[in-house]
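Sequences and hints are given; from them, build the entire structure.
Chains A and B supply the protein sequences, listed in that same order.
Heads up: the first sequence at position 314 corresponds to 314 in full-length UniProt numbering, and the numbers run straight through without jumps.
Heads up: the second sequence at position 58 corresponds to 58 in full-length UniProt numbering, and the numbers run straight through without jumps.
I should point out that these hints are in silico values taken from the structure, not numbers from a laboratory.
It cannot be assumed that every hint is accurate.
What the hints assert, rightly or not - Below, in silico cross-link-like pairs of lysine-lysine (DSS-like), each with a Cα-Cα straight-line distance of 27 Å or less:
hint, chain 1, residue 1, chain 2, residue 2
1, B, Lys102, B, Lys176
2, A, Lys77, B, Lys100
3, A, Lys62, B, Lys186
4, A, Lys56, B, Lys176
5, A, Lys294, B, Lys102
6, B, Lys176, A, Lys91
7, B, Lys194, A, Lys300
8, B, Lys153, A, Lys62
9, B, Lys176, B, Lys194
10, A, Lys363, B, Lys100
11, A, Lys91, B, Lys194
12, B, Lys153, A, Lys259
13, B, Lys176, A, Lys363
14, A, Lys62, B, Lys176
15, B, Lys78, A, Lys73
16, B, Lys186, A, Lys294
17, A, Lys73, B, Lys102
18, A, Lys259, B, Lys78
19, A, Lys56, B, Lys100
20, A, Lys91, B, Lys102
21, A, Lys56, B, Lys102
22, B, Lys186, B, Lys237
23, A, Lys259, B, Lys176
Said to hold, decoys possible - Not close to chain B: a few residues of chain A, all C-beta gaps over 10 Å, as computed:
hint, residue
24, Met1
25, Thr81
26, Val265
27, Glu320
28, Cys341
We put the beta carbon where it would ideally sit given N, CA and C, even for glycine.
So you can see what is in the structure, the chains are spelled out below.
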Amino acid sequence: MVEIQESVRSRTVYILQTGSKDVNNSIMELLVMAYACKTSSARNIIGVIPYLPYSKQSKMRKRGCIVSKLLAKMMCKAGLTHIITMDLHQKEIQGFFDCPVDNLRASPFLLNYIVEQIPDYRNSVIVAKDPASCKRATSYAERLRVGIAVIHGEAKTRFDDDYEDADEDGDDGRTSPPPLPARQQGRLHSSVSMSSFMERSEPGAEPGPVTAAAAAAAALRRGRPRLRSAASVCFGEVDPSRIMSVGVTGVPMQAAKEKPPISVVGDVGGRIAIMVDDMIDDVRSFVAAAEMLKERGAYKIYVMATHGLLSADAPRLIEESAIDEVVVTNTVPHDVQKIHCHKIKTVDVSILLSEAIRRLHNKESLSYLFRNITMED
Amino acid sequence: MPNIKVFSGSSHPDFAAKVVDRLGIDLGRVVTKKFSNLETCVEIGESVRGEDVYIVQSGCGEINDNLMELLIMINACKIASAARVTAVVPCFPYARQDKKDKSRAPVSAKLVANMLTAAGMDHIITMDLHASQIQGFFDLPVDNLYAEPAVLKWIKENISEWKTSIIVSPDAGGAKRVTSIADSLKVDFALIHKERKKANEVSDMVLVGNVTDRVAILVDDMADTCGTIVKAADKLKEAGATKVYAILTHGIFSGPAIARINGACFEAVVATNTIPQDEHMIQCDKIRCIDVAMIFAEALRRTHNGESVSYLFANVPY
Numbered sequence: 001m002v003e004i005q006e007s008v009r010s011r012t013v014y015i016l017q018t019g020s021k022d023v024n025n026s027i028m029e030l031l032v033m034a035y036a037c038k039t040s041s042a043r044n045i046i047g048v049i050p051y052l053p054y055s056k057q058s059k060m061r062k063r064g065c066i067v068s069k070l071l072a073k074m075m076c077k078a079g080l081t082h083i084i085t086m087d088l089h090q091k092e093i094q095g096f097f098d099c100p101v102d103n104l105r106a107s108p109f110l111l112n113y114i115v116e117q118i119p120d121y122r123n124s125v126i127v128a129k130d131p132a133s134c135k136r137a138t139s140y141a142e143r144l145r146v147g148i149a150v151i152h153g154e155a156k157t158r159f160d161d162d163y164e165d166a167d168e169d170g171d172d173g174r175t176s177p178p179p180l181p182a183r184q185q186g187r188l189h190s191s192v193s194m195s196s197f198m199e200r201s202e203p204g205a206e207p208g209p210v211t212a213a214a215a216a217a218a219a220l221r222r223g224r225p226r227l228r229s230a231a232s233v234c235f236g237e238v239d240p241s242r243i244m245s246v247g248v249t250g251v252p253m254q255a256a257k258e259k260p261p262i263s264v265v266g267d268v269g270g271r272i273a274i275m276v277d278d279m280i281d282d283v284r285s286f287v288a289a290a291e292m293l294k295e296r297g298a299y300k301i302y303v304m305a306t307h308g309l310l311s312a313d314a315p316r317l318i319e320e321s322a323i324d325e326v327v328v329t330n331t332v333p334h335d336v337q338k339i340h341c342h343k344i345k346t347v348d349v350s351i352l353l354s355e356a357i358r359r360l361h362n363k364e365s366l367s368y369l370f371r372n373i374t375m376e377d
Numbered sequence: 001m002p003n004i005k006v007f008s009g010s011s012h013p014d015f016a017a018k019v020v021d022r023l024g025i026d027l028g029r030v031v032t033k034k035f036s037n038l039e040t041c042v043e044i045g046e047s048v049r050g051e052d053v054y055i056v057q058s059g060c061g062e063i064n065d066n067l068m069e070l071l072i073m074i075n076a077c078k079i080a081s082a083a084r085v086t087a088v089v090p091c092f093p094y095a096r097q098d099k100k101d102k103s104r105a106p107v108s109a110k111l112v113a114n115m116l117t118a119a120g121m122d123h124i125i126t127m128d129l130h131a132s133q134i135q136g137f138f139d140l141p142v143d144n145l146y147a148e149p150a151v152l153k154w155i156k157e158n159i160s161e162w163k164t165s166i167i168v169s170p171d172a173g174g175a176k177r178v179t180s181i182a183d184s185l186k187v188d189f190a191l192i193h194k195e196r197k198k199a200n201e202v203s204d205m206v207l208v209g210n211v212t213d214r215v216a217i218l219v220d221d222m223a224d225t226c227g228t229i230v231k232a233a234d235k236l237k238e239a240g241a242t243k244v245y246a247i248l249t250h251g252i253f254s255g256p257a258i259a260r261i262n263g264a265c266f267e268a269v270v271a272t273n274t275i276p277q278d279e280h281m282i283q284c285d286k287i288r289c290i291d292v293a294m295i296f297a298e299a300l301r302r303t304h305n306g307e308s309v310s311y312l313f314a315n316v317p318y
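Structural data, given as structure tokens:
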């Protein structure tokens, strides 16, 4: 239940809400507040959401939902006319909204922390915890003028960003054999051989000599010579061997992708390793990465992130790990976690948000706030 | 196949011909022309009432003309009572402008998505979107096909040393794509990161990883002027790579690209035919082509028959 206790008619309203522990309730509260202001004739309703929840679910995996898009729609529908947020997990999320979004960056604050609090930071190397965060790592490395390294391969975590789960759709009875290439063959008799071939090459079938032979035979029956000649006609003088058609011969079933054992690409020996990411939630991957970095000779390990969610038993894991310090901003409350773990340090970014609100309200340009931001960040 | 009509826009008729050939149907009759004031005019030459309509148009060549033509074709079919209009866009135009990466930058990919939706499109089939988040720019189903299985097949069939090769990303943003391929081939990866001052302009390059005495395979989703991949290739040679290949899903090759590739140390530059490669292949010996029309034909057929398309996400159709 929300009650707005003063008049908002024709006013510009700023609603500050961040994705905290009880994420669904905070979203619902934001939506209800926004809608309450809308129906009370507020002129502009600006959502200040330092940490936008659900932003990890920003792309479609299998038949999954793009929750981030759904959230964007809901917020626009509830009446928000402008969003101020910070370090979106993917910058493309900005395009999910039908209203202006200002995506502020915390990196200048974190960089400032590195320069002021880490003596000898010039001997550091910025480490991307996984290949997906390489871009962010390079943006830090560029501004600090230090090198980067990338960690790849790890134990699977809850928010693993891959589309690699096994799929069982191959035989749900809704796959019909493909038709023959048109106009190339008498369709009647060879359709039988086609369908039998298709059965053999369905998922689960082993690519063996039989399949290969069948493929070759089927290719012949499908009139491959004519296909070739057609190709060479439309490609002019180009040698047809330079074109690989994926339709003509078979591709073996790919084994389900498995991540290789954890490894580091790049040199970290005798350096301070600084892992940067946009959020720290489940810390197990960070802990595993830190162990790897220690093994490779990094003498100090820092973790920097904008959003410190630090859920579950993260404080304990950090306390016991090889990580020397975890630096996060105060976009998400994490006081409880700090009590349990003295390695967690906080950088205050509220001044950035208040400056953004001030400039927005006075109709000034925000680009001053982005002066030290690179394209990759 | 009943109740299906496939029309081709003027951007890539060859691709559309291959798709319908595979489906065993004829291409729908459509005339596209320009008025003298350069407005696009489209005449759909056959009935589409109650039909399942597919329009094949790629984002290549005269991008804006082709986009406008696609919008007009979609709208023409929609108002002529087509049951469903699906755009088949092998290379999605404006996909690189997908985020506001500096002040006042437009998110043009979202604009294009809105325009297509407004024109009356019900479904879109495309390949290797520059960022998969573009799927979320639409309020309707998007089938984003992957070229990766075809790329893996090409590597295994054409690079004899693939087992000891190293997959290299020419920029930090492509690291994820590259590790996915490296994992499938069970080989190592490296990446090149750079300080870029302006778009389409590269400066200092730093190689992370070891490529000495190995075959380096550069992988990216698209290459336009090829400045980045050519400099990356030089860097790799300098670092001791024996051979350098480049594999791209969308080989746009505009401006100085062909001349640059001709002068660079590539063993081969491989691109799929989401963008017509015939001209490029005549002008440059090093360019090889992967024909992915069959993947689209299969996606189209499965969509029309209401079958699952997920099979295609892991496999090239036989």
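Evaluated hints:
In summary, the hint linking Lys102 of chain B to Lys176 of chain B is supported, as the alpha carbons are separated by about 23 Å, within the 27 Å threshold. A hinted pair counts as satisfied when its Cα atoms are at most 27 Å apart, and Lys77 of chain A with Lys100 of chain B qualifies at roughly 22 Å. Restraint check for Lys62 of chain A and Lys186 of chain B: the C-alpha separation of about 24 Å stays at or below 27 Å, so the hint holds. Of the supplied pair hints, the one linking Lys56 of chain A and Lys176 of chain B holds, its CA atoms being roughly 15 Å apart against a limit of 27 Å.
Taking the CA atoms of Lys294 of chain A and Lys102 of chain B, the gap is near 37 Å; set against the 27 Å cutoff, the hint is violated. For the given pair, Lys176 of chain B sits about 16 Å from Lys91 of chain A by alpha-carbon distance, which is consistent with the 27 Å threshold. Distance restraint check for Lys194 of chain B and Lys300 of chain A: the Cα-Cα separation of roughly 26 Å lies within the 27 Å cut-off, and the hinted pair is therefore satisfied. As the CA atoms of Lys153 of chain B and Lys62 of chain A are separated by approximately 23 Å, the hinted pair is consistent with the 27 Å bound.
Among the hinted pairs, Lys176 of chain B with Lys194 of chain B is consistent with the structure: their alpha-carbon atoms are about 17 Å apart, no more than 27 Å. The straight-line distance between the Cα atoms of Lys363 of chain A and Lys100 of chain B is roughly 19 Å, inside the 27 Å bound, and the hint therefore holds. With a C-alpha separation of about 20 Å, the suggested pair Lys91 of chain A and Lys194 of chain B falls inside the 27 Å cut-off, and the hint holds. In summary, the hint linking Lys153 of chain B to Lys259 of chain A is supported, as the alpha carbons are separated by about 20 Å, within the 27 Å threshold.
Taken as a hint, the Lys176 of chain B and Lys363 of chain A pair is broken in the structure, with Cα atoms around 39 Å apart against an allowance of 27 Å. Taking the CA atoms of Lys62 of chain A and Lys176 of chain B, the gap is about 18 Å. The hint holds against a cut of 27 Å. With a CA separation close to 26 Å, the supplied pair Lys78 of chain B and Lys73 of chain A stays within the 27 Å bound. The hinted pair formed by Lys186 of chain B and Lys294 of chain A meets the criterion: a straight-line CA distance of about 25 Å does not exceed 27 Å.
Distance check on the hinted pair: Lys73 of chain A and Lys102 of chain B sit about 24 Å apart at the alpha-carbon level, within 27 Å; holds. Taking the CA atoms of Lys259 of chain A and Lys78 of chain B, the gap is about 46 Å. The hint is violated against a cut of 27 Å. Restraint check for Lys56 of chain A and Lys100 of chain B: satisfied, since their Cα atoms lie roughly 18 Å apart, inside the 27 Å limit. Pair hint Lys91 of chain A plus Lys102 of chain B holds up; C-alpha atoms about 11 Å apart against a cutoff of 27 Å.
For the hint linking Lys56 of chain A to Lys102 of chain B, the alpha-carbon distance of about 22 Å falls within 27 Å, and the restraint holds. Of the pairs offered as hints, the one joining Lys186 of chain B and Lys237 of chain B holds, with about 23 Å between alpha carbons and a cut-off of 27 Å not exceeded. With a C-alpha separation of about 12 Å, the suggested pair Lys259 of chain A and Lys176 of chain B falls inside the 27 Å cut-off, and the hint holds. The non-interface label for Met1 of chain A is consistent with chain B: the shortest C-beta to C-beta separation is roughly 31 Å, beyond 10 Å.
No Cβ of chain B approaches the Cβ of Thr81 of chain A within 10 Å, the least distance being about 17 Å, so the stated non-interface status holds. Listed as outside the interface, Val265 of chain A is inconsistent with that label: its C-beta sits roughly 4 Å from the nearest C-beta of chain B, within the 10 Å cut-off. The Cβ of Glu320 of chain A lies farther than 10 Å from every Cβ of chain B, with a closest approach of about 29 Å, so its non-interface assignment holds. Non-interface call for Cys341 of chain A relative to chain B: holds, since the shortest CB-CB distance, roughly 30 Å, exceeds 10 Å.
Violated hints for the displayed structure, listed by number in ascending order: 5, 13, 18, 26.
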